[in-house]
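Engineer: Going down the list, the protein sequences come from chains A and B. So for the first sequence, UniProt numbering puts the first residue at 1; every next one is plus one. So for the second sequence, UniProt numbering puts the first residue at 1; every next one is plus one.
If you are wondering where the hints come from, they were derived from the structure by calculation, not from laboratory data. A few of these clues could be false.
Copies of the same chain look alike in the list, so a pair counts if it fits in one copy or across any two.
[Stated by the list, open to error] 35 Å max Cα-Cα, derived DSBU-like pairs, lysine-lysine:
| hint | residue 1 | residue 2 |
| --- | --- | --- |
| 1 | Lys37 | Lys125 |
| 2 | Lys203 | Lys214 |
| 3 | Lys55 | Lys41 |
| 4 | Lys38 | Lys55 |
| 5 | Lys58 | Lys303 |
| 6 | Lys9 | Lys105 |
| 7 | Lys112 | Lys32 |
| 8 | Lys9 | Lys58 |
| 9 | Lys32 | Lys56 |
| 10 | Lys38 | Lys58 |
| 11 | Lys38 | Lys9 |
| 12 | Lys41 | Lys105 |
| 13 | Lys29 | Lys105 |
| 14 | Lys32 | Lys55 |
| 15 | Lys29 | Lys41 |
| 16 | Lys9 | Lys55 |
| 17 | Lys38 | Lys112 |
| 18 | Lys58 | Lys41 |
| 19 | Lys56 | Lys37 |
| 20 | Lys227 | Lys58 |
| 21 | Lys112 | Lys55 |
| 22 | Lys112 | Lys29 |
| 23 | Lys29 | Lys55 |
| 24 | Lys41 | Lys303 |
The primary structure of each chain is shown beneath.
2 protein chains.
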Amino acid sequence: MANIRDVAKAAGVSVTTVSRVLNNQPYVKEEKEAAVKKAIKETGYIPNINAVNLKKGKTNLIGVVLPFLDQPYFSNLVQGISQAASVHQYKLVLYQTGYHEHQEKEALEMLKLKQIDSLIICSRKISLDIVESYQQYGNIVLFEDGEQTSLSYTFIDHYACFIKALEYLYEHGHREIGFSINRLEGTNSRQREQAYRDFLKLKGLPYNEKYIFKKCLNIEDGERILKEMGTFQKRPTAILATGDQVAAGIITSSSKYQLKIPEDLAVIGFDDQPIARAMSITTVDIPLYSIGQLLFEQAVSEKVSHKEVSAELIERSTV
Amino acid sequence: MANIRDVAKAAGVSVTTVSRVLNNQPYVKEEKEAAVKKAIKETGYIPNINAVNLKKGKTNLIGVVLPFLDQPYFSNLVQGISQAASVHQYKLVLYQTGYHEHQEKEALEMLKLKQIDSLIICSRKISLDIVESYQQYGNIVLFEDGEQTSLSYTFIDHYACFIKALEYLYEHGHREIGFSINRLEGTNSRQREQAYRDFLKLKGLPYNEKYIFKKCLNIEDGERILKEMGTFQKRPTAILATGDQVAAGIITSSSKYQLKIPEDLAVIGFDDQPIARAMSITTVDIPLYSIGQLLFEQAVSEKVSHKEVSAELIERSTV
Chain A
1 MANIRDVAKA AGVSVTTVSR VLNNQPYVKE EKEAAVKKAI KETGYIPNIN
51 AVNLKKGKTN LIGVVLPFLD QPYFSNLVQG ISQAASVHQY KLVLYQTGYH
101 EHQEKEALEM LKLKQIDSLI ICSRKISLDI VESYQQYGNI VLFEDGEQTS
151 LSYTFIDHYA CFIKALEYLY EHGHREIGFS INRLEGTNSR QREQAYRDFL
201 KLKGLPYNEK YIFKKCLNIE DGERILKEMG TFQKRPTAIL ATGDQVAAGI
251 ITSSSKYQLK IPEDLAVIGF DDQPIARAMS ITTVDIPLYS IGQLLFEQAV
301 SEKVSHKEVS AELIERSTV
Chain B
1 MANIRDVAKA AGVSVTTVSR VLNNQPYVKE EKEAAVKKAI KETGYIPNIN
51 AVNLKKGKTN LIGVVLPFLD QPYFSNLVQG ISQAASVHQY KLVLYQTGYH
101 EHQEKEALEM LKLKQIDSLI ICSRKISLDI VESYQQYGNI VLFEDGEQTS
151 LSYTFIDHYA CFIKALEYLY EHGHREIGFS INRLEGTNSR QREQAYRDFL
201 KLKGLPYNEK YIFKKCLNIE DGERILKEMG TFQKRPTAIL ATGDQVAAGI
251 ITSSSKYQLK IPEDLAVIGF DDQPIARAMS ITTVDIPLYS IGQLLFEQAV
301 SEKVSHKEVS AELIERSTV
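Let the sequences and hints guide you as you build the complete structure.
Structural biologist: Here you go:
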């Protein structure tokens, strides 16, 4: 394939002149410009964007680290990022990691190697120290409460959200409250567990390890919760499900376990996904789409910023 | 920032020698290799992947064209593509187009400019002629029945799927059958409408333009269908909804319109999304995850291939 030198040779001009024509720069005589354009056509030369990127030190690509794409939580977030990116002529490179640290590391390495201009980390397993060590190579933005970090982040106060939902269940007479979570080690999860512990202490209620249902992410996990609960001598009267999918799973399998919702078991979901609207699930609305837009803005901004987004409890029919 | 020339200068060797060391090539004397490595450390030189890509003519990035990401249909498809890509050390660049032709064109241009090695088009508005004119620049793979095209594609026989679902409704006594669709101009939609017309003709049933509900994509559109139907003198007794979200919307708003499902109105969805499992919706299972994997394989294969994937009707509680 023809390169820029071939074009210069065919046009009888210097490589610099070809480059000027390609980049619409001034100071090129008309006849030279015509010769270059003719030579481009004849040689079939196509500029390679990697050469352009190399010269500009910029790719207009933003990396997005996320564990899965087939969770509405993450796909809505990426939709928000992607819409904002599109307006500003950026594209997204997906680093789908499944929470594997080496894949998260790879995304950071790609920031270093300039495959991308910035990196948005939607959820991570890798330590914040390692992430921070890459900030010299480009903007890194977190979707979590980054507290003392020098990185930009947007976050939801999951501690406050959890307290709000627990308080709501308490007001509705519930004293045996359980909750579901995916992994316990993330920043958001830690905040939620702390809120749960603090709430129980405040209300003088006992802490029951068994009431925390781990590795819950999908509809199928909702049924697993009911199955586990069936083995308890005393079971929760309410479940706070961190994800509407799990809440939906609890509700659809409830009749199989002779449980009426909300009479025998109250359920609160999280995120306000379409499934929550369809099934009239009481939930905590997390505005993922707007959060995605904020994350993008932070990714291309020259200033470090920290933004908090608030979440509302939406009362429907499952409490 | 230091470049390869700075490293060469600091090490007192040629640029070629530095390049050899960076690419682990033979024929470099031990002391020169040591000098280069020392110089890399001292100058803080970081290789730029755009230079590497330029040299290799390859980026290990695959483009994915799709209208939206916040539809489970597309997010599950991308999850499948992304998983397969990850195994083969590829990453995805998203071109989220909202069915705007100029954005689809931009993705094709990026194939030409080598931002990506191949392009997977999940759904498109742009003409096949334009798409084909770009195949000289890299693999282009379609998720549709490409028929006579010289591009690779994976497809579902939407005509046969539609006939199957219509036949099932017919067997259950339905003679007034409507269907919902998003846009009518796509390849899949055209096949579905043709199947609908052919089926009615075969059964000697009248064709009623009003029974085709257009621009249906989300849960909210399900309610719109019921609202529109409320204005009909005679209404369908069954709806084939091309998307479980729309089916779910019909079902959840049915009580508001005094309709019992399936007694007053039968509903079949499409895709077998989690929402269909949760709400026990009879649906046509489209294995999006496996399709995503096939699309990736075609994107990196040297051979053009055409693959058909079959879809099954899953009987649940809405017919």
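Engineer: If the cutoff is 35 Å on CA atoms, where do Lys58 and Lys41 land: within, between, both or neither? Let me know, please.
Structural biologist: both (27 Å within a copy, 24 Å between copies)
Engineer: Within a copy, between copies, both or neither: which one fits Lys112 and Lys29 at a CA-CA cutoff of 35 Å?
Structural biologist: between (40 Å within a copy, 29 Å between copies)
Engineer: For Lys29 vs Lys41, is the C-alpha pair at or below 35 Å within one copy, between two copies, both, or neither?
Structural biologist: within (19 Å within a copy, 45 Å between copies)
Engineer: Indicate which option fits the pair Lys41, Lys303 if close means a Cα-Cα distance not exceeding 35 Å: within, between, both or neither.
Structural biologist: The answer is between: 29 Å across copies meets 35 Å, while 44 Å in one copy does not.
Engineer: If the cut is 35 Å between Cα atoms, do Lys112 and Lys32 qualify within a copy, between copies, both or neither?
Structural biologist: between (39 Å within a copy, 26 Å between copies)
Engineer: Go through the copies and call it for Lys9 and Lys105: within, between, both or neither, with a Cα cutoff of 35 Å.
Structural biologist: between (44 Å within a copy, 31 Å between copies)
Engineer: As a check of your reading, is Lys38 near Lys112 (CA-CA no more than 35 Å) within one copy, between copies, both or neither?
Structural biologist: Between copies only: 20 Å across chains, 39 Å inside a chain, cut-off 35 Å.
Engineer: If the cutoff is 35 Å on CA atoms, where do Lys38 and Lys9 land: within, between, both or neither? Let me know, please.
Structural biologist: Classified as within; 12 Å inside a copy, 39 Å across copies.
Engineer: Can you tell me if Lys32 and Lys56 fall within 35 Å by alpha carbon in one copy, between copies, both or neither?
Structural biologist: both (25 Å within a copy, 31 Å between copies)
Engineer: What label fits Lys37 with Lys125 when the C-alpha limit is 35 Å: within, between, both, or neither?
Structural biologist: This pair counts as between: shortest inter-copy Cα distance 32 Å, intra-copy 51 Å.
Engineer: Is it within, between, both or neither when you check Lys32 against Lys55 at 35 Å Cα-Cα?
Structural biologist: both (23 Å within a copy, 28 Å between copies)
Engineer: Between Lys29 and Lys55, at a C-alpha cutoff of 35 Å, which is it: within one copy, between copies, both, or neither?
Structural biologist: Both, since 24 Å and 31 Å are each at most 35 Å.
The structure shown violates just one earlier hint, number 20.
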